[in-house]
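Trainee: The primary structure of each chain is shown beneath.
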Amino acid sequence: MAASISGYTFSSVCYHSANSNSDHEGFLLGEVRQEETVSISDTQISSAELLQVVEIHNHDPCAQLFSFYDYAGKINEETLNSILKDRRKNVIGWYRFRRNTQQQMSFREQIIHKQLTQLLGVPDLVFLLFSFISTANSSTHALEYVLFRPNSSRYNQRITLTIPNLGNTSQQEYKVSSVPNTSLNYTQVIKEHGAEFFDKDGVMKDIRTIFQVYSALQDKVQAVCGEVEQSERVKEKNQEDVNKLKQQIALRKRKTAEEERMLREAQNADSHSTPEENTEPSEASPLSRITFHTPSAPERPSTSPNPPSYADLLSQDDSLLSSSSPPTSAALLPRPQAVGSPGHPTPSPLGMGLGLGLGLGAGSNPVTTPSTPYLGNGDGSSSDSLDRQAAGQEDDEDDDDDEEDEDEDSSEYENLVSEAAHLPMVSASVLAQGRPAALSPDGDARGSQTT
Amino acid sequence: MSPEVALNRISPELRPLLCSVVRNGRVGLDSTNCLRVTDLKTGCTSLTPGPCCDRFKLHIPYAGETLKWDIIFNAQYPELPPDFIFGEDAEFLPEPTELPHLVQWDAGNPECLLQLVKELIQQYHHYQCQRLRESSRLLFEYDSLLEDPNYGRNMEIYAGRKNSWTGEFSARFLLKLPVDFSNIPVYLLKDTALDPGEDVALLSVSFEDAEATQVFPKLYLSPSIEHALGGSSALHIPAFPSGGCLIDYVPQVCQLLTNKVQYVIQGYHKRREYIAAFLSHFGMGVVEYDAEGFTKLTLLLMWKDFCFLVHVDLPLYFPRDQPTLTFQSVYHFTNSGQLYSQVQKSYPYSPRWDGNEMAKRAKRQLRPELFAFCMAKVNNCCKYLQKM
Numbered sequence: 001m002a003a004s005i006s007g008y009t010f011s012s013v014c015y016h017s018a019n020s021n022s023d024h025e026g027f028l029l030g031e032v033r034q035e036e037t038v039s040i041s042d043t044q045i046s047s048a049e050l051l052q053v054v055e056i057h058n059h060d061p062c063a064q065l066f067s068f069y070d071y072a073g074k075i076n077e078e079t080l081n082s083i084l085k086d087r088r089k090n091v092i093g094w095y096r097f098r099r100n101t102q103q104q105m106s107f108r109e110q111i112i113h114k115q116l117t118q119l120l121g122v123p124d125l126v127f128l129l130f131s132f133i134s135t136a137n138s139s140t141h142a143l144e145y146v147l148f149r150p151n152s153s154r155y156n157q158r159i160t161l162t163i164p165n166l167g168n169t170s171q172q173e174y175k176v177s178s179v180p181n182t183s184l185n186y187t188q189v190i191k192e193h194g195a196e197f198f199d200k201d202g203v204m205k206d207i208r209t210i211f212q213v214y215s216a217l218q219d220k221v222q223a224v225c226g227e228v229e230q231s232e233r234v235k236e237k238n239q240e241d242v243n244k245l246k247q248q249i250a251l252r253k254r255k256t257a258e259e260e261r262m263l264r265e266a267q268n269a270d271s272h273s274t275p276e277e278n279t280e281p282s283e284a285s286p287l288s289r290i291t292f293h294t295p296s297a298p299e300r301p302s303t304s305p306n307p308p309s310y311a312d313l314l315s316q317d318d319s320l321l322s323s324s325s326p327p328t329s330a331a332l333l334p335r336p337q338a339v340g341s342p343g344h345p346t347p348s349p350l351g352m353g354l355g356l357g358l359g360l361g362a363g364s365n366p367v368t369t370p371s372t373p374y375l376g377n378g379d380g381s382s383s384d385s386l387d388r389q390a391a392g393q394e395d396d397e398d399d400d401d402d403e404e405d406e407d408e409d410s411s412e413y414e415n416l417v418s419e420a421a422h423l424p425m426v427s428a429s430v431l432a433q434g435r436p437a438a439l440s441p442d443g444d445a446r447g448s449q450t451t
Numbered sequence: 452m453s454p455e456v457a458l459n460r461i462s463p464e465l466r467p468l469l470c471s472v473v474r475n476g477r478v479g480l481d482s483t484n485c486l487r488v489t490d491l492k493t494g495c496t497s498l499t500p501g502p503c504c505d506r507f508k509l510h511i512p513y514a515g516e517t518l519k520w521d522i523i524f525n526a527q528y529p530e531l532p533p534d535f536i537f538g539e540d541a542e543f544l545p546e547p548t549e550l551p552h553l554v555q556w557d558a559g560n561p562e563c564l565l566q567l568v569k570e571l572i573q574q575y576h577h578y579q580c581q582r583l584r585e586s587s588r589l590l591f592e593y594d595s596l597l598e599d600p601n602y603g604r605n606m607e608i609y610a611g612r613k614n615s616w617t618g619e620f621s622a623r624f625l626l627k628l629p630v631d632f633s634n635i636p637v638y639l640l641k642d643t644a645l646d647p648g649e650d651v652a653l654l655s656v657s658f659e660d661a662e663a664t665q666v667f668p669k670l671y672l673s674p675s676i677e678h679a680l681g682g683s684s685a686l687h688i689p690a691f692p693s694g695g696c697l698i699d700y701v702p703q704v705c706q707l708l709t710n711k712v713q714y715v716i717q718g719y720h721k722r723r724e725y726i727a728a729f730l731s732h733f734g735m736g737v738v739e740y741d742a743e744g745f746t747k748l749t750l751l752l753m754w755k756d757f758c759f760l761v762h763v764d765l766p767l768y769f770p771r772d773q774p775t776l777t778f779q780s781v782y783h784f785t786n787s788g789q790l791y792s793q794v795q796k797s798y799p800y801s802p803r804w805d806g807n808e809m810a811k812r813a814k815r816q817l818r819p820e821l822f823a824f825c826m827a828k829v830n831n832c833c834k835y836l837q838k839m
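Respectively, the protein sequence lines represent chains P and A.
The first sequence lines up with residues 1 to 451 when you count with the working numbering.
The second sequence lines up with residues 452 to 839 when you count with the working numbering.
Source of the hints: derived by calculation from the structure; they are not laboratory data.
Among the hints, a few may not be true.
Claimed, not checked - Keeping only pairs whose Cα atoms sit at most 30 Å apart, straight-line, the calculated BS3-like set for lysine-lysine is:
#1 K569(A) x K114(P)
#2 K246(P) x K235(P)
#3 K519(A) x K755(A)
#4 K755(A) x K711(A)
#5 K85(P) x K114(P)
#6 K244(P) x K220(P)
#7 K519(A) x K74(P)
#8 K89(P) x K191(P)
#9 K89(P) x K114(P)
#10 K74(P) x K492(A)
#11 K114(P) x K519(A)
#12 K492(A) x K508(A)
#13 K711(A) x K74(P)
#14 K755(A) x K669(A)
#15 K114(P) x K492(A)
#16 K508(A) x K114(P)
#17 K508(A) x K74(P)
Turn these sequences into a full structure, and let the hints steer you where they fit.
Mentor: Structure follows, in structure tokens:
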């Protein structure tokens, strides 16, 4: 149980009491309410606490002692009613002031309290005891007050009485008391001047205005959201168009580069016989080709950053191919993919290198040229490598084999490369390992190589 | 605080009420001391000119404890009855209808407050007896004593609070023993100027536990009785028998005390008889004698022109104890400047002789004793002269 009394009521009681030249008593008016606190903690789902709060609004001092009871302490109900009149239903307790006595309920107070509890029908009637202690030389006076709840168990009789804002308010905020002001004058003034601050619903006008501002802001934000969405869509569409155009450009470039290469190859191939194996890889490596050429695949979003880099890569490849200089390892590096995944990078740059030679035979399919892997050598190991490659795509266990095979392939590739074109040895070894490397727009990833 | 100080400080209108309390207030069995008043305070503002005290603490002896009750008046309304705070007995709440002096409070009657306090003590006693119900054993003790008219009416009970650690319940019974002290001669008072109060013997029995396994009895006697019986060491009461009960023990103690008192009374009479007999036998030879207590007698005797004094000292437990005869010379001094004297304790004596018989025998005995005395004296005298 908790109790609170407003500061002005408390001071009024003290004033009345201190000015009386004898003991003083009176009634406390107010209300009792129940507060339920539901708390949820980690240990239990919910616990509800019921707290009874006694609020003292006002007091009604008695004019003299023994005004409603006799010498034996028996209460005269008629006199009591004449004192309380219509305030009887608001009585929640009574108080007594006596100087220089102990903070304990006296004999007569206990008797009166019992009778009041019955007569007023308040089961938890409280009793507020004031005692005024003065030192012998009257230098220090102390006002002590204790709120009793005598009807409860013997050990739980004292209740803390809080007086809001009586204390160090520099540390805490000034609290608005929950104890309402029941003064008539106060209610009248508020009624008169209330219209300036409150609208017809009882809500403060300022609040309503602020709420309106808030609503306007919300609407604006919603509108902006729509616009942003639209612009984003437009941007997306434009991006798509740009990508398409870029691809087309890249295609064209490649075409021209391939044609030139084929011409050159054709010139060179007159002295050499073109291996038939070249055709096989072209058939066998559609997958790898596809994996290599998936920058603009449908599954990929147009807004992905990768595609541009791939487009650059492709253009890079084309530029590399078109130039007689050996392609940089950056262009030859496979896509960064996990070893053993379906999209396991096959030594497609190998094929790319070989594509130089293959391109002659597969001129109708210029796309496949750069990615055509060179598999095996002339002694029929190409089929093995094919199998290996397929195996590598489907089965993880053959990864090691694939790696080794790639090594073998690379070694053979090296041989071929040295015959076919002047490819850097470094790039081959890097390819054999299948390590991804950073792709830069200019295709110069040599610096990023760690081998 | 002395009563006078208290009376000076209290508000004039309340003074008569307090006066009867501090001067004449005797409440309860232990009425050797008056009620005490302390902590006089005022209920008026500090600007009120004094004396205006109207509330105080009253110390009331009860069953071996002292109750400290606050009594609260209002100096501005002296006609109103007081309020009480019963100290630590927070649960004691007497029924106002049982307090007639409260219901019909008459501030004009100086005895009103004292009567009210007495009524409250009575209610308090009932309250304590109620508390005895917590222990069936002690309740039995109480009921059995109550039935006996000798003890039932003069009983105070204090049922102690349960010890919070052990949960023990203790009680103290204070009983007034119905022993007749009226025949004890008045002379046995130590100091007649001070009013010793009523002669009373109180037996206090403390039960330290509810099962009556630790019982401590103690006997309290008013000062005159104690002195009459020969001091506090003279009377030892038996220990409380384990498994016994008060209804058997208390009469036992009572009997013991009665016997002692009887003995003392008898002794007094015997002494009187003795002295009377000596007076009649030695007549003119009596120098002085204790006419009140009959404990001493001095004779001046002459034998063959030889005068000497005989002092007779009668002990308290005469005739059981033999009187002491002291012969004293009127002529000779000892070396230390005292009159030469000789004590005679062992002479034929029997407590069964009456006073007359003792006087006659004493007369006969005095001669041989005398001879011995004289001889001793002469020897001494010679020695003395020789020294000179």
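Trainee: Under the constraints set out in the numbered hints, which ones does this structure not fulfil?
Mentor: Per hint list: 3, 4, 6, 13, 14 violated.
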